[in-house]
Every structure is written in C-alpha cells, then in structure tokens.
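Asks: Sequences and hints are given; from them, build the entire structure.
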Amino acid sequence: MADAYDLALTRALEAILFAAETPMTLAEIARHVGERGDLLPTLRALAESYAPRGINLVERGGRWQFQTAPDLGHHLRTSRETVKKLSRAAVETLAVIAYHEPVTRPEIEEIRGVAVSGGTIDVLMAAGWVRPAGRRETPGRPLQYATTPEFLAHFNLASRRDLPGIADLKAAGLLDREPSRELPLPLGGGEA
Amino acid sequence: MADAYDLALTRALEAILFAAETPMTLAEIARHVGERGDLLPTLRALAESYAPRGINLVERGGRWQFQTAPDLGHHLRTSRETVKKLSRAAVETLAVIAYHEPVTRPEIEEIRGVAVSGGTIDVLMAAGWVRPAGRRETPGRPLQYATTPEFLAHFNLASRRDLPGIADLKAAGLLDREPSRELPLPLGGGEA
Amino acid sequence: MTESDPDFDAPVRSGRSSDTLILQLGSWEGPLDLLLTLARSQKVDLSQISILALVDQYLDFIRDARALSLELAADYLVMAAWLAYLKSLLLLPKDPEAEPDPAELALKLQFQLQRLEAMRAAGQTLLARPQLGWDMFRRPNPEGLATDRRAVYAVDYYELLSAYGAIQARRATAIHVVRRRPVMALDEAIERLELLLGRSIDWTELARFLPADLADEAYARSVLASSFVAALELARQGKAVLSQGAAFGPILVKARAHG
Numbered sequence: 001m002a003d004a005y006d007l008a009l010t011r012a013l014e015a016i017l018f019a020a021e022t023p024m025t026l027a028e029i030a031r032h033v034g035e036r037g038d039l040l041p042t043l044r045a046l047a048e049s050y051a052p053r054g055i056n057l058v059e060r061g062g063r064w065q066f067q068t069a070p071d072l073g074h075h076l077r078t079s080r081e082t083v084k085k086l087s088r089a090a091v092e093t094l095a096v097i098a099y100h101e102p103v104t105r106p107e108i109e110e111i112r113g114v115a116v117s118g119g120t121i122d123v124l125m126a127a128g129w130v131r132p133a134g135r136r137e138t139p140g141r142p143l144q145y146a147t148t149p150e151f152l153a154h155f156n157l158a159s160r161r162d163l164p165g166i167a168d169l170k171a172a173g174l175l176d177r178e179p180s181r182e183l184p185l186p187l188g189g190g191e192a
Numbered sequence: 001m002a003d004a005y006d007l008a009l010t011r012a013l014e015a016i017l018f019a020a021e022t023p024m025t026l027a028e029i030a031r032h033v034g035e036r037g038d039l040l041p042t043l044r045a046l047a048e049s050y051a052p053r054g055i056n057l058v059e060r061g062g063r064w065q066f067q068t069a070p071d072l073g074h075h076l077r078t079s080r081e082t083v084k085k086l087s088r089a090a091v092e093t094l095a096v097i098a099y100h101e102p103v104t105r106p107e108i109e110e111i112r113g114v115a116v117s118g119g120t121i122d123v124l125m126a127a128g129w130v131r132p133a134g135r136r137e138t139p140g141r142p143l144q145y146a147t148t149p150e151f152l153a154h155f156n157l158a159s160r161r162d163l164p165g166i167a168d169l170k171a172a173g174l175l176d177r178e179p180s181r182e183l184p185l186p187l188g189g190g191e192a
Numbered sequence: 001m002t003e004s005d006p007d008f009d010a011p012v013r014s015g016r017s018s019d020t021l022i023l024q025l026g027s028w029e030g031p032l033d034l035l036l037t038l039a040r041s042q043k044v045d046l047s048q049i050s051i052l053a054l055v056d057q058y059l060d061f062i063r064d065a066r067a068l069s070l071e072l073a074a075d076y077l078v079m080a081a082w083l084a085y086l087k088s089l090l091l092l093p094k095d096p097e098a099e100p101d102p103a104e105l106a107l108k109l110q111f112q113l114q115r116l117e118a119m120r121a122a123g124q125t126l127l128a129r130p131q132l133g134w135d136m137f138r139r140p141n142p143e144g145l146a147t148d149r150r151a152v153y154a155v156d157y158y159e160l161l162s163a164y165g166a167i168q169a170r171r172a173t174a175i176h177v178v179r180r181r182p183v184m185a186l187d188e189a190i191e192r193l194e195l196l197l198g199r200s201i202d203w204t205e206l207a208r209f210l211p212a213d214l215a216d217e218a219y220a221r222s223v224l225a226s227s228f229v230a231a232l233e234l235a236r237q238g239k240a241v242l243s244q245g246a247a248f249g250p251i252l253v254k255a256r257a258h259g
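Protein sequence lines correspond, in order, to chains R, U and V.
Just so you know, the first sequence maps onto residues 1 to 192 in my numbering.
Just so you know, the second sequence maps onto residues 1 to 192 in my numbering.
Just so you know, the third sequence maps onto residues 1 to 259 in my numbering.
Hints listed in this document are in silico derivations from the structure and should not be mistaken for laboratory results.
Beta carbons are placed, not taken as given, at the ideal position from N, Cα and C, and that holds for glycine.
Once the Cα atoms are required to be at most 30 Å apart in a straight line, the calculated DSS-like pairs of lysine-lysine come out as: (1) V/Lys108 to V/Lys43; (2) R/Lys170 to R/Lys85; (3) U/Lys85 to U/Lys170; (4) V/Lys108 to R/Lys170; (5) V/Lys87 to V/Lys43; (6) V/Lys43 to R/Lys170.
Just the calculated beta-carbon pair ranges, DEER-fashion: (7) U/Gln65 to R/Arg141: 44 to 54 Å; (8) U/Gly173 to R/Arg141: 47 to 57 Å; (9) U/Ala51 to V/Pro140: 22 to 32 Å; (10) R/Pro139 to V/Asp95: 27 to 37 Å; (11) V/Arg40 to R/Arg141: 37 to 47 Å.
Replies: This is the structure we're talking about:
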C-alpha cells in the first residue's frame with residue numbers, strides 16, 4: 001500500500017467510487033481505472049482504512065460503494081426520511097424469498113400457508129429488493145424470485161451468507177423443501 | 001485529534017458532509033452535530049487528513065464539502081469504443097477517394113453512378129480516413145477529398161501506390177464482369 | 001382514570017379464553033398462522049410440541065367459533081377436517097402399512113410450523129438491521145461517471161477492394177445478347193393458317209393445321225399458341241368461323257364463305 005503506484009490507484013478508486021451514481025461492480029471500476037491488474041486487494045485495503053471513519057467503503061452483493069457508517073444515522077436523518085412501513089405479509093415474504101431464493105410463488109405460499117397477493121411481491125419489486133429470476137424448469141415453468149444487490153445494500157449485508165441465522169436455519173433443515181427424516185433440530189435461541 | 005471525543009466528532013462531520021445535498025456552512029454543520037464547541041479546528045484537521053486522498057474536503061466561500069481531487073477528473077470520464085460496420089455506400093465512397101484522390105463529390109458520384117450523401121463522407125471523416133484536400137480550381141471551386149495517413153495505417157499500406165490496380169483486381173476475381181476496353185484505367189501514370 | 005391502575009382499560013370480557021381468541025379472529029393470516037399461535041401457547045419448543053394437543057386446540061377453537069355463528073373462511077374448515085383425520089390416524093393402533101404414515105404427516109406439520117416461525121423471526125431480524133436511508137446514507141447528488149461512446153468503424157482491406165471492383169464492374173458497358181428462341185411469329189401463323197384454310201367450307205379441327213413433326217416442345221407450344229391467336233384474328237377479320245362444342249373440346253375452324 002505504501003508505494004507510489006498503489007497510492008495513485010487508491011486515489012483513483014476513491015475518486016471513482018465517490019463520484020459514482022450507483023454501486024459499482026469490479027468490472028465497472030476496472031473500466032474507469034484502466035488495466036491495472038487485480039483491483040481487489042487495493043479495494044479491500046482501502047475499505048479497511050475507511051472502516052473506523054464516518055464514511056465507509058463497503059461491498060454489498062458484489063458492488064462497491066461509499067456510505068455513511070451505520071451508527072451515525074441520528075446525525076443525518078431529517079424530516080424527509082421515513083422508514084418504509086412494510087406490511088407483515090411483505091416482511092415475511094421478503095424473508096422467505098431471501099432465505100429460500102430462487103423461490104416460486106407457490107413455494108412462498110406453501111411456506112407462509114396463505115395465498116400471496118400480487119401486490120405483496122409488487123411492493124418488494126418496487127422497492128428494488130426483489131426481482132424475477134428466471135423460470136423453474138418444472139411443469140408449468142413457474143417464475144422464480146430472488147433478492148437484488150440493492151436488497152443486500154439496504155440491509156447492510158455483504159452477501160446472502162450474512163443473512164442473520166441462515167447457517168443455523170440451513171443446518172436445522174428449515175430451508176429444505178421437505179422435512180428431513182430425522183426430527184429437525186430445535187431452533188436456536190433468540191437469533192432465529 | 002486522538003481522544004475519543006474528537007474521533008466521534010470527526011466521524012460525525014465526515015458522515016454529515018458526505019451525505020449533504022449541498023455544501024454546508026459551519027452553522028448548518030453545527031445544527032447536525034449539536035453543541036460541540038468550535039468545529040473549525042476539527043474540520044481543518046479533517047481536511048488536512050483528506051488532502052492526499054482521492055477525495056478532498058474543501059472550503060469554498062465559507063461552505064464545506066467533499067469533492068474528488070482535482071487531478072483525478074480523467075478517471076471520471078471513460079470512453080468506450082463501439083465497433084460499427086461501415087455501410088456499403090461508405091466503403092465504395094472510401095474506395096473511390098482512395099483510388100482517385102484528390103477527388104470532388106461530383107466526381108465520386110460519377111464514378112459510383114449514384115448520388116453520394118453528405119453523411120457518407122461525414123462518416124468517413126469521423127472515422128479519420130478521409131480529409132478535405134483543398135478546392136479544385138475549376139468553376140464552382142468544388143471541395144476535394146483525399147485519404148489520411150490513418151487510412152493507410154488502418155489498411156496497413158505503406159503508400160497509395162500499394163493499392164492494387166484494375167488488372168490486379170481482375171486477376172484476384174474482384175471484378176465480376178469484364179470492364180469495357182474504352183474504360184481508362186484509373187491508376188494511370190504518375191498521379192497514383 | 002388513574003395511571004396507577006394498569007388494568008383499568010383491560011377488556012371486560014376476559015373471562016373465557018376462547019373469547020379472546022375469537023375477538024382476534026381477523027388477525028390470523030390463515031389456518032397455519034392460527035396453528036402457530038396455538039402452538040406457541042403450549043409454551044414449549046416447537047420441536048417438542050404435542051401434535052395431538054395442538055389438533056385438539058385447533059378443533060376446539062373452530063367449534064367455539066362456529067358455536068358463536070362466526071363466519072369462518074373455508075380454508076379454516078378444510079384444515080379442521082384434515083387435522084381431525086390426522087388425529088384419528090394418530091390414535092389408531094400403529095399400522096406399519098398405513099399410507100400415508102401419520103407420524104410423517106405430524107412431522108411435516110411440525111416442520112411447516114417451525115419453518116413459518118423461522119421466517120417470521122428472520123423478517124423481524126432483517127427489519128432490526130441498519131437500513132439504507134435511515135442508518136446509512138449514500139451521497140445524494142453524485143457527479144456520476146461519464147462514459148463517452150466512440151464509434152470505431154470496421155472495414156477490412158478485402159471489403160475496400162471488392163467495393164472498388166464492384167464499382168468498376170458496374171461501369172463496364174454491358175452488351176446484352178438476346179438468344180434466338182424457336183418461335184412461330186403471329187404474322188407467320190396468320191399467313192400459314194390463311195393459306196391452309198383456303199376456301200374450305202368444311203369444319204376442320206384447328207390441330208390438323210399444325211405442322212406434324214414438332215420435335216422441339218418449346219417450338220410446338222409456340223406454334224399452337226400462335227395458330228390459336230391467328231385463328232381468332234382471322235375470325236375477327238371475317239375470313240374464318242370458329243366453333244367449339246364444349247369447354248376444352250376441339251376447336252373447329254372453316255373458311256367463311258364470301259357472299
């Protein structure tokens with residue numbers, strides 16, 4: 001990190017990510033800095049140098065962006081900001097999609113035990129958190145849904161692996177379509 | 001700068017200025033951080049710490065803002081090349097100019113047997129292969145066109161003399177039909 | 001009202017527990033949700049719940065609701081019927097041949113309840129996380145990164161040369177040679193037919209006036225066509241009379257007697 005080359009690259013990365021209108025993939029960043037070999041180590045070092053600051057450089061769903069540190073929201077909120085009030089059905093549907101993706105609507109309905117209204121998925125798509133993700137190659141070719149990088153960015157998740165408790169849920173067999181033969185493990189404490 | 005209080009203030013200032021819609025006055029910044037005494041020393045120290053970076057904190061007319069370092073502007077613009085296919089009319093026009101230069105537009109039209117649109121020659125000039133080459137000293141003083149060194153470079157030609165003559169074209173099967181006897185060979189004499 | 005009395009606003013009808021449930025009738029999102037709520041009232045881990053007790057709870061709830069003539073959506077009743085069936089299977093002596101296996105059905109129900117509970121908790125955990133636009137902020141008005149599109153034209157040497165070749169080929173004076181084709185011209189046909197017809201006043205088939213040895217098929221068709229048109233022309237001129245008995249029948253021709 002100390003030599004002149006890395007300094008120039010680091011400065012370029014800072015400027016590009018600062019000016020970018022949307023979070024950028026590695027390929028997009030590379031197009032702006034030109035051919036400079038592997039950017040990832042420099043990006044990671046840069047992110048680390050920003051970690052204690054009020055501005056953070058983060059990777060969310062494979063896209064890099066600057067954002068303010070999550071603990072400083074109270075300095076920044078104005079009367080304009082309102083938390084999107086999601087219906088219980090929307091929150092639950094979002095969780096089902098995030099933890100089971102790609103998932104079809106019949107599967108969402110089976111997990112929730114009720115019909116999912118078109119409006120619910122619509123709200124999640126309008127928020128930019130959910131997208132259609134191709135068709136399942138089964139009879140009827142039902143449309144599948146998955147979350148977007150914007151969903152990860154919104155909830156400050158680096159990747160789906162960081163979804164709270166996902167490893168435990170998976171180990172407990174609760175992300176499977178069918179119960180496993182053995183009795184499922186009890187849900188772990190408060191986390192799930 | 002080292003104590004915890006200043007670190008918290010510095011982080012808040014970073015976040016506030018990063019998330020600001022417009023450059024902020026000291027009073028506006030103070031409203032966001034609450035009563036914290038004199039902000040100016042902390043702001044100046046922060047500006048100094050950003051000075052070598054790709055993002056700078058600057059004061060302009062009493063207002064503070066983050067901006068990209070002025071020497072990095074070239075990274076914020078990139079040019080992407082898109083390959084376009086040259087139209088048949090443009091290729092023919094280019095060929096006529098190459099074989100007959102300097103040549104006027106009426107002459108190109110006569111040789112091709114069809115009208116040549118201004119756009120066609122514009123495309124060839126935009127591609128960097130054709131340039132205006134003075135006016136012909138005849139009535140109406142029509143503009144003449146010629147090829148550029150880039151044209152030669154693109155086709156890997158040392159000079160226009162390397163262009164094959166009619167006989168060569170015929171031998172290579174590039175003339176579908178036999179030209180009439182009376183047709184003067186365009187590459188006659190010293191001109192080409 | 002005194003603030004020291006927290007129960008002041010409590011519902012008066014808190015005597016019967018089923019009442020409390022029924023008062024909340026609208027707040028369940030379907031039978032599975034109701035089942036989950038009932039299961040939670042067992043106050044044990046969902047993996048330890050008694051399915052039989054749960055079934056009884058659900059059936060009691062539905063019976064109470066019906067006793068109060070409350071309208072229940074059909075899916076609540078379908079679930080009630082299914083649970084009653086499950087209960088009967090579970091109570092019967094264990095039959096290894098039973099299909100479906102009641103234990104497996106119970107396990108599946110338990111799995112669904114656990115999974116719904118897990119997703120519900122996950123949703124709440126997500127909402128509790130820092131959120132963009134509330135906890136974290138991006139720059140509101142980034143300058144943006146510009147991409148200039150520059151066109152690069154593709155043309156290779158061969159294209160250039162063949163284009164020039166094509167121009168030269170176009171410029172070449174084209175000499176069109178018309179191949180002589182074996183035809184019988186109309187004038188010739190008229191002259192010939194008129195001669196053969198003579199002054200005959202007998203009806204004769206037109207085909208009999210055609211030359212006999214027509215080896216060349218193209219020429220034969222030409223002769224037929226020309227002779228037919230010649231016959232029409234002679235009829236128009238009043239020199240011949242034509243007759244045809246039926247469609248596609250033989251065409252008869254004779255000279256017209258001049259009065």
